[in-house]
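Trainee: Sequence:
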Amino acid sequence: MSDGDPASASEGAADSSREDDTDRDARGGRDVVVPMRIYKTVTVFSTLIAVVSVVFGFMLLDAATLNVSFLGNTVRSVLAAVGLAIGDGLLSTVFAALGLAIIAFGAGVYVIGTRFRARGMGKSQEDSGEDSNTNG
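For the sequence shown, numbering that gives the first Met the number 0 begins at 0 and goes up steadily by one.
It is worth saying that the hints were derived from the structure and are not from the lab. Every residue, glycine too, gets a C-beta built ideally from N, C-alpha and C. Among the hints, erroneous ones may be present.
[What the hints assert, rightly or not] DEER-style ranges, computed between Cβ atoms:
no., residue 1, residue 2, range
1, K39, L97, 25 to 33 Å
2, L47, V93, 24 to 32 Å
3, A100, L47, 15 to 23 Å
4, T113, V67, 33 to 41 Å
5, A95, R36, 34 to 42 Å
6, V51, D87, 47 to 55 Å
7, A100, L78, 34 to 42 Å
8, V77, V51, 20 to 28 Å
9, I48, L83, 29 to 37 Å
10, V67, R118, 48 to 56 Å
11, A95, T46, 22 to 30 Å
12, L70, L47, 17 to 25 Å
13, G82, V43, 42 to 50 Å
Start from the sequences and build out the full structure, keeping to the hints where you can.
Mentor: In structure tokens form, the structure reads like this:
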């Protein structure tokens with residue numbers, strides 16, 4: 000590799016470009032940069048959906064215990080009024096599985112919602128200017 004060789008200069012530029020792309024992907028390749036209005040909307044609704052899902056999921060888990068539960072008693076009453084006889088074990092299993100699935104859905108929505116950021120926003124680790132390897 001000589002200093003005046005155009006081929007080596009282009010290889011060096013390509014290597015630098017690849018390092019920049021790798022660095023960019025490692026820092027925030029999964030983040031989606033959107034306008035502030037969309038960021039606020041996504042943040043509000045993803046948090047709302049996550050909270051409602053977790054609360055409703057725990058209500059279903061409570062109903063699965065077959066203790067005094069408003070939701071469990073309501074579902075049993077509706078099933079009895081329709082004339083369906085479902086065993087307590089099966090009903091408990093359905094409540095528990097549905098409750099866990101709804102909690103997982105809420106967590107997934109929240110995690111996806113945290114991937115959005117507005118223009119000009121950086122991650123807190125990038126903005127701090129501190130190296131994680133220093134021992135203070």
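Trainee: State the violated hints by number, sorted upward, taking the hints as numbered earlier in the document.
Mentor: 6, 7
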